[in-house]
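K.L.:
Chains as they are written, first to last, in my numbering: chain A, 1 to 229; chain B, 1 to 229; chain C, 1 to 296; chain D, 1 to 296.
These are calculated hints, taken from the structure and not from any lab test.
Hints should not be assumed to be uniformly reliable.
Straight-line Cα separation of at most 30 Å, DSS-like style, residue types lysine-lysine; simulated pairs [as the list claims (entries may be wrong)]:
{"id": "1", "chain 1": "A", "residue 1": "47", "chain 2": "C", "residue 2": "207"}
{"id": "2", "chain 1": "C", "residue 1": "53", "chain 2": "D", "residue 2": "56"}
{"id": "3", "chain 1": "B", "residue 1": "206", "chain 2": "B", "residue 2": "222"}
{"id": "4", "chain 1": "D", "residue 1": "150", "chain 2": "D", "residue 2": "53"}
{"id": "5", "chain 1": "C", "residue 1": "272", "chain 2": "C", "residue 2": "53"}
{"id": "6", "chain 1": "B", "residue 1": "47", "chain 2": "B", "residue 2": "222"}
{"id": "7", "chain 1": "C", "residue 1": "56", "chain 2": "D", "residue 2": "53"}
{"id": "8", "chain 1": "A", "residue 1": "61", "chain 2": "C", "residue 2": "207"}
{"id": "9", "chain 1": "D", "residue 1": "53", "chain 2": "C", "residue 2": "53"}
{"id": "10", "chain 1": "D", "residue 1": "56", "chain 2": "C", "residue 2": "56"}
{"id": "11", "chain 1": "D", "residue 1": "21", "chain 2": "C", "residue 2": "207"}
{"id": "12", "chain 1": "D", "residue 1": "150", "chain 2": "C", "residue 2": "95"}
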Amino acid sequence: MIEAIQLYQRYNEHNSFILNDLNFVINRGEFVFVVGPSGAGKSTLLKLLIREILPTRGTLKVFGQDLTRMPRRRVPYLRRNIGMVFQDFRLLEERTAYDNIAFVMQVTGAPAGEIRRRVPQVLEMVGLSEKIWDRVCDLSGGEQQRIGLARAIINRPAMIIADEPTGNLDPVTSLEIMNLLRGINIRGTTVVVATHDREIVDRFRKRVIYLEDGRIAGDEQKGVYVRAI
Amino acid sequence: MIEAIQLYQRYNEHNSFILNDLNFVINRGEFVFVVGPSGAGKSTLLKLLIREILPTRGTLKVFGQDLTRMPRRRVPYLRRNIGMVFQDFRLLEERTAYDNIAFVMQVTGAPAGEIRRRVPQVLEMVGLSEKIWDRVCDLSGGEQQRIGLARAIINRPAMIIADEPTGNLDPVTSLEIMNLLRGINIRGTTVVVATHDREIVDRFRKRVIYLEDGRIAGDEQKGVYVRAI
Amino acid sequence: MPFNGLLYGVVEALRSLYRNKGMSIASTGIVVITLLMLGSFMLVRLNINHVTKAVKEQVEMVVFIDENATLEERESLRANLVSHAGLAEVRFVSKEEAMERLAEIWGDFVAGYRSAEDNPLPDSYEIRPIVAENIVALARELERYPGVEKVQYGEEEFVNNLFAVLRVIQLISLALMGGLAILAIFLISHTIRLTVFIRRREIMIMKYVGATNWFIRWPFILEGLVIGSFGAALPLAALYYLYDASVGWVVSNNLLFLNLIAVPSVMLELVKYLVPLGTGLGVLGSLLSMDRFVRV
Amino acid sequence: MPFNGLLYGVVEALRSLYRNKGMSIASTGIVVITLLMLGSFMLVRLNINHVTKAVKEQVEMVVFIDENATLEERESLRANLVSHAGLAEVRFVSKEEAMERLAEIWGDFVAGYRSAEDNPLPDSYEIRPIVAENIVALARELERYPGVEKVQYGEEEFVNNLFAVLRVIQLISLALMGGLAILAIFLISHTIRLTVFIRRREIMIMKYVGATNWFIRWPFILEGLVIGSFGAALPLAALYYLYDASVGWVVSNNLLFLNLIAVPSVMLELVKYLVPLGTGLGVLGSLLSMDRFVRV
Ligand SMILES: Nc1ncnc2c1ncn2[C@@H]1O[C@H](COP(=O)(O)OP(=O)(O)OP(=O)(O)O)[C@@H](O)[C@H]1O
Ligand SMILES: Nc1ncnc2c1ncn2[C@@H]1O[C@H](COP(=O)(O)OP(=O)(O)OP(=O)(O)O)[C@@H](O)[C@H]1O
Ligand SMILES: [Mg+2]
Ligand SMILES: [Mg+2]
Chain A
1 MIEAIQLYQR
11 YNEHNSFILN
21 DLNFVINRGE
31 FVFVVGPSGA
41 GKSTLLKLLI
51 REILPTRGTL
61 KVFGQDLTRM
71 PRRRVPYLRR
81 NIGMVFQDFR
91 LLEERTAYDN
101 IAFVMQVTGA
111 PAGEIRRRVP
121 QVLEMVGLSE
131 KIWDRVCDLS
141 GGEQQRIGLA
151 RAIINRPAMI
161 IADEPTGNLD
171 PVTSLEIMNL
181 LRGINIRGTT
191 VVVATHDREI
201 VDRFRKRVIY
211 LEDGRIAGDE
221 QKGVYVRAI
Chain B
1 MIEAIQLYQR
11 YNEHNSFILN
21 DLNFVINRGE
31 FVFVVGPSGA
41 GKSTLLKLLI
51 REILPTRGTL
61 KVFGQDLTRM
71 PRRRVPYLRR
81 NIGMVFQDFR
91 LLEERTAYDN
101 IAFVMQVTGA
111 PAGEIRRRVP
121 QVLEMVGLSE
131 KIWDRVCDLS
141 GGEQQRIGLA
151 RAIINRPAMI
161 IADEPTGNLD
171 PVTSLEIMNL
181 LRGINIRGTT
191 VVVATHDREI
201 VDRFRKRVIY
211 LEDGRIAGDE
221 QKGVYVRAI
Chain C
1 MPFNGLLYGV
11 VEALRSLYRN
21 KGMSIASTGI
31 VVITLLMLGS
41 FMLVRLNINH
51 VTKAVKEQVE
61 MVVFIDENAT
71 LEERESLRAN
81 LVSHAGLAEV
91 RFVSKEEAME
101 RLAEIWGDFV
111 AGYRSAEDNP
121 LPDSYEIRPI
131 VAENIVALAR
141 ELERYPGVEK
151 VQYGEEEFVN
161 NLFAVLRVIQ
171 LISLALMGGL
181 AILAIFLISH
191 TIRLTVFIRR
201 REIMIMKYVG
211 ATNWFIRWPF
221 ILEGLVIGSF
231 GAALPLAALY
241 YLYDASVGWV
251 VSNNLLFLNL
261 IAVPSVMLEL
271 VKYLVPLGTG
281 LGVLGSLLSM
291 DRFVRV
Chain D
1 MPFNGLLYGV
11 VEALRSLYRN
21 KGMSIASTGI
31 VVITLLMLGS
41 FMLVRLNINH
51 VTKAVKEQVE
61 MVVFIDENAT
71 LEERESLRAN
81 LVSHAGLAEV
91 RFVSKEEAME
101 RLAEIWGDFV
111 AGYRSAEDNP
121 LPDSYEIRPI
131 VAENIVALAR
141 ELERYPGVEK
151 VQYGEEEFVN
161 NLFAVLRVIQ
171 LISLALMGGL
181 AILAIFLISH
191 TIRLTVFIRR
201 REIMIMKYVG
211 ATNWFIRWPF
221 ILEGLVIGSF
231 GAALPLAALY
241 YLYDASVGWV
251 VSNNLLFLNL
261 IAVPSVMLEL
271 VKYLVPLGTG
281 LGVLGSLLSM
291 DRFVRV
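Just chain A, same shape as in the assembly (with noise of 0.2 Å):
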């Protein structure tokens, strides 16, 4: 599903690698947890996945496919096999529930009927099914997290990623949606989540990729929150 060799990533010629030789696999079905300290480069590498930067140097195959090799207008469709939840939202803030989550159902030329469908099951699936006609900018912070979960999963795409989806999110709300995101990976979809969640990590005893300081410290089946030494 995901194999990087060799991946090295800097923003600019002048400072140092943000990711520093990242050599790992992650396959179908898999869940998978990236873990480590502010600024170690999760965000980072979960950007690389969606091509939405290019890799400085190395390969990183998703799907097959060599993202360094992929022609600029297959990036859409390699996007909306991805169900991505971003740790600023990145959602059209002056827009509905409704509209944000229709969206990508429309992209794909999904019909009318299928969308006014799915869309109100999602919003329950994340427990927001009042906020549907809600603008997004109206709503609390834990609200605008769960519709952009909900806006990832609406396809239903063969892999989730989601970068800190429980940041705004209390204990229980949390727990809700990462169970939920375990349903959704028994079901055979590979989900990769970047979190400080120690709780979650612990209790989900699920493939841990430690980051730091922009290289792979540890990648442990079943691990916790804290590496073992």
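Given chain A, put chains B, C and D with the ligands in place with the hints provided.
P.N.:
Quick look at chains B, C and D with the ligands alone, frame taken from chain A:
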């Protein structure tokens, strides 16, 4: 310091009340956590304190002044006495970390030399000395959040209000940041923190106000994240 | 793009125009005002051209025939003039007709000189060159014909001055018009650019969730089209009524010498320029200014 | 605002202009183009007015004296004309002078009638009214004076038409000019409005951390001032060179009859309008469009 009497808030006529009959007093020098599920009304309460919004009904006094009666031109001076960390950061994205923090000193007419001395100091305190000349939009989520905190504390305000200040931080950094706030609090500054961070709340054992569905469901000295029933 | 996408674009464009009412109205307003200025200026300029042509058509000269010219000379002169390629009009004016005209101006003061014997005026031809500017050269040529006493064409200085003035007027109006056209292009595309810039975040978010470039562009193109069409239609309607009223006013005040161009042919000219300018710039402006944000 | 704030504003304004280079240049460009159009149009219009005045000054009439008028009648007529309040110029033209002029036009053809005895032309006064439009009424009045044979003032129709044309030209140029001025005001303020709109987030954030309204406005005002000043100075310089060159061209081509207004007085007029328009709108536009975002 803060006094709320029968405080009600709703965003428009058709909706129900977001805040419902709040009554509480926060004294000078207190350290208060505001907790509650996503959408409970924590951010709304904090927004009332800096007069970003006006209460629909009731009285809210801050520094002894009734905010509902405060003339518009006094509002900037109120805000200068409050250091606020926003849930959505509200930084000038295209400007450097330095500019963002220096700005609040320039607002008060601080001398240029003083500004040049203080800004690196507070950046040091939040662990971002290296990022001083980086544009905010080039920083990681957690780094941006810490810039927001640095901006809030630089003017040594009489009160610090932080909305979810550790949502994007790993547990270690979170603790450092909260210890920083505790240190400031010990020197006499009132601190109000809305948070979902169970670990922090449980460890600090400070006063906790529990918000649920817009009502105060509990208010405990030396409380923990989950309210004792 | 599948039908769904097309439909989505139309709905989205209309909703976006409505959602950003203020901006839509402002953008359309800028296009309207710009094209209104350009259009009214085109009206003025078209009529200036028209008048200039009319004035030039009135440039005439008079070939006076030598009193002593033989019949053959007179005949060959007539034949030469009539068949001359550079002349648009040739008309014989007898000495009697000339005297009539003089009397018209000087009235009774020349009454005593009207009888054929006393008439001191010569026969003449009034001729009009095809290209008014050739008049001086033509005069030189015709003067050399046998039987020609003299060729007169108003004061040389006056004619030259007239042409100079017309040239200057045309030059100025052309310059102003070109300036306005450039202004229009610049303004409309810049307005659309700012509109797109304000929505750059929206565009980038769409790209991040997998929209293709055309899927994003399509509603913007339609928006540009709507803004451009309104921006062209309103000034056209306004100019139509304005010009129609002006022509009516001129006719009712018997100012027919003002010689305005007929309404339909003027409007045709305006439509030919303003509609493509409005819609084309609206669409092109959207497309070009979007490129920057669509490349993510 | 303390000195620190003022200084902060200046630094911030310059930095912001630099940071938003593209936008600054575009805004200044819009102001420059708009004022350039307005300015060149003002130049044209000022000169049209000038020419119109000159043309009107050339409107004359001729009072022909009755051949049989007595000496007293002639004397009282002269006194009346000279002291008449509505006349700007009165000049006596003897019958001999009139014949000279006729001969100038008709040449040798009237040569035989030049001796005093044969001269059929009357003595006359050429007079010029102060207000050209009064010519018809004046003619009626003067005709009733004793000793006056006839008052002639070109063809009545022609004079009326001339005035009508001049009125129309003035009307059109005034309308275009007014339109351009409104366009300029609209465009400049709208441009600034969009600029402010793009930075609304910035403005609101400043308010949330305790900046006063004037602290936020001050850099914007300075920015508006800089944009407005450049936007006025550049077209003024361009127009100065352009107009100076035009005047030079007119002089060197001996087209003095075009009668352009002198460079300094025209430029003064332009400065009087363009500078306040540019800077004033820049500043006012900033202030007004900011109000919405500053109220948080
Ligand atoms: N566009 C950019 N230009 C330059 N540097 C950048 C850019 N984006 C990120 N960085 C830097 O790269 C480093 C890693 O950033 P990244 O966002 O990947 O961290 P992270 O692990 O997601 O941190 P957090 O947990 O705080 O979100 C940070 O130090 C950041 O300052
Ligand atoms: N501007 C607004 N207009 C209408 N409703 C609003 C507005 N802002 C907030 N709300 C609603 O008020 C409720 C409380 O919002 P608030 O932001 O105070 O929640 P919160 O406790 O901060 O939640 P979170 O932990 O998710 O940040 C939410 O249901 C939200 O949808
Ligand atoms: Mg991150
Ligand atoms: Mg909140």
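K.L.:
Which of the listed hints are broken here?
P.N.:
Violated: none.
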